[in-house]
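Here the sequence shown is numbered in the working numbering, starting from 20 and rising by one per residue.
Among the clues, some could well be false.
As the list claims (entries may be wrong) - The calculated lysine to aspartate or glutamate pairs, modelled on EDC-like cross-linking and capped at a C-alpha distance of 20 Å, are:
1) 133 with 50
2) 369 with 400
3) 369 with 43
4) 369 with 399
5) 369 with 414
6) 369 with 50
7) 361 with 58
8) 361 with 414
9) 133 with 58
10) 369 with 69
11) 369 with 58
12) 369 with 310
13) 369 with 356
14) 133 with 219
15) 133 with 31
16) 133 with 252
17) 133 with 213
18) 369 with 105
As the list claims (entries may be wrong) - Cβ pair distances, simulated, as ranges:
19) 100 with 322: 57 to 67 Å
20) 398 with 178: 23 to 33 Å
21) 132 with 216: 36 to 46 Å
22) 69 with 206: 39 to 49 Å
23) 88 with 322: 34 to 44 Å
24) 132 with 282: 13 to 23 Å
25) 92 with 45: 48 to 58 Å
26) 69 with 379: 48 to 58 Å
27) 379 with 99: 16 to 26 Å
Note that these hints are calculated values from the structure, not bench results. The C-beta atom is built at its ideal place from N, Cα and C for all residues, glycine as well.
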Amino acid sequence: MNAPERFSALPDYAFPRLRTLLGDMPPGANDPVQMTIGDPRHAPPAFIGEVIARHQAAFMSYPPNDGAPELLEACAAWLSRRYGYEASPDHLLALNGTREGLYNACMALVPETKNGECPVILTPNPFYQVYAVASLSVNATPHYVNATEATGNLPDIASLDPALLDRVAAAYICSPANPQGAVADMVYWSRLLELAERHDFLIFADECYSEIYRGTPPTGVLQAVAATGADPDRVVAFHSLSKRSNLAGLRSGFAVTGPGNIARMRQLRAYAGAPLPLPLQMAAAAAWADEAHVEENRRLYAEKFEEAARILGNVPGVTIPEAGFFLWLPAPGGNGEATTVKLWREAGVKVLPGAYLARETEDGNPGQAFIRAALVAPRDEVARGLTRLRACIYE
20 MNAPERFSAL
30 PDYAFPRLRT
40 LLGDMPPGAN
50 DPVQMTIGDP
60 RHAPPAFIGE
70 VIARHQAAFM
80 SYPPNDGAPE
90 LLEACAAWLS
100 RRYGYEASPD
110 HLLALNGTRE
120 GLYNACMALV
130 PETKNGECPV
140 ILTPNPFYQV
150 YAVASLSVNA
160 TPHYVNATEA
170 TGNLPDIASL
180 DPALLDRVAA
190 AYICSPANPQ
200 GAVADMVYWS
210 RLLELAERHD
220 FLIFADECYS
230 EIYRGTPPTG
240 VLQAVAATGA
250 DPDRVVAFHS
260 LSKRSNLAGL
270 RSGFAVTGPG
280 NIARMRQLRA
290 YAGAPLPLPL
300 QMAAAAAWAD
310 EAHVEENRRL
320 YAEKFEEAAR
330 ILGNVPGVTI
340 PEAGFFLWLP
350 APGGNGEATT
360 VKLWREAGVK
370 VLPGAYLARE
380 TEDGNPGQAF
390 IRAALVAPRD
400 EVARGLTRLR
410 ACIYE
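Can you build the whole structure from these sequences, using the hints too?
This is the structure we're talking about:
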């Protein structure tokens, strides 16, 4: 199958589908509440503008492709503080947003064949759409592993046929999960590392929501690498300032892995990458070095999840997640699209049908019976939206 044919099989991205679903339908309230896209709305760190201004002369120069030393050192220091993982800056790659890295990891690291066959790439289902596009871009077969309440809302890769696992070249894992907020613990990561070693595949760990949690900090895959003595080249972990620091527009993230993988990823980026301008890299370095704004960010999200527990906590089937900033809510009648239309038409609350974040499998679409609501707005707006949501679909 050629590239145009592969991509023509993809459904539209979630948000264009939502616009088509709702069309010109007016909201059922004069002050509609947007709870669709996960676009952080808390204030970014106050020092970011000052750092950019201080380094503005560097806009005249081409930025370092792999990342400025100051940025890579700040990221390595953060990994040490957060996970106790000692990574050389030489094993890190600065990214223009982690979407770039999640895509290009496939391009750089997935082989043309695996054991003489077309390689398979595992993705959780529901999932971040770039995983599937990256798989198709390297002519691999994406295999969607349903992540449901029965599997702890994480993909149960150990349950897959060993013959299929022998064809797997890479497995994407998102923890904390988008949209369910489930967290992979040390047992999960360690078992996955053992499977990856046994069947010789890579783990692409998308940990972009790692700093938005309530209670215990989520375990990271690098902690499991250190604890088990796994080969660092078995894993590529991705982190971002978008959620941690409310800097989605800065487009700054990084990848960390072993020396073999990073050499190939850097080689690809030398030709295909778009490095972050140097003043923005300096701002990113300052953000990775500061934790005070991250703690304040967590506090604001914790308040909104307290509101969610107060308003929805006794609704059957509603679970308040451990981490992330989404609610994965059951749709009455098992129809997320119909529920989304009803909420907009009658209550002026805009959410996203869960089916738009997942794919149909032989066991159905695991997002079909859910809606996703993002708690990124101010606390009062979130409370207003959830109160209307409850009255509209749960009472």
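Hints and how they fare:
1. 133 with 50: violated, 54 Å
2. 369 with 400: Since the Cα atoms of residue 369 and residue 400 sit roughly 12 Å apart, the hinted pair holds (cutoff 20 Å).
3. 369 with 43: Holds. Residue 369 to residue 43 sits at ~13 Å (cutoff 20 Å).
4. 369 with 399: holds, 16 Å
5. 369 with 414: holds, 18 Å
6. 369 with 50: holds, 11 Å
7. 361 with 58: Given that 20 Å is the threshold and the Cα spacing comes to 23 Å, the pair is violated.
8. 361 with 414: Distance of about 13 Å is within 20 Å: holds.
9. 133 with 58: Violated - the C-alpha atoms of residue 58 and residue 133 are around 38 Å apart, more than 20 Å.
10. 369 with 69: violated, 36 Å
11. 369 with 58: Roughly 14 Å separates the two Cα atoms, so the pair holds.
12. 369 with 310: Not OK: residue 369 and residue 310 at ~33 Å, beyond 20 Å, violated.
13. 369 with 356: holds, 11 Å
14. 133 with 219: Within the cut-off at roughly 10 Å; holds.
15. 133 with 31: violated, 30 Å
16. 133 with 252: Holds, because 17 Å separates the two Cα atoms, which is no more than 20 Å.
17. 133 with 213: holds, 19 Å
18. 369 with 105: Measuring from Cα to Cα gives roughly 43 Å; hence the hint is violated.
19. 100 with 322: 57 to 67 Å: Violated, since residue 100 and residue 322 (Cβ atoms, about 25 Å apart) do not stay within the stated range.
20. 398 with 178: 23 to 33 Å: violated, 40 Å
21. 132 with 216: 36 to 46 Å: violated, 20 Å
22. 69 with 206: 39 to 49 Å: This hint holds: roughly 44 Å between Cβ atoms.
23. 88 with 322: 34 to 44 Å: holds, 38 Å
24. 132 with 282: 13 to 23 Å: Given range 13 to 23 Å: holds, Cβ gap about 22 Å.
25. 92 with 45: 48 to 58 Å: At 53 Å between Cβs, range holds.
26. 69 with 379: 48 to 58 Å: holds, 49 Å
27. 379 with 99: 16 to 26 Å: violated, 43 Å
Checked against the numbered hints above, the structure breaks hints 1, 7, 9, 10, 12, 15, 18, 19, 20, 21, 27 and satisfies the rest.
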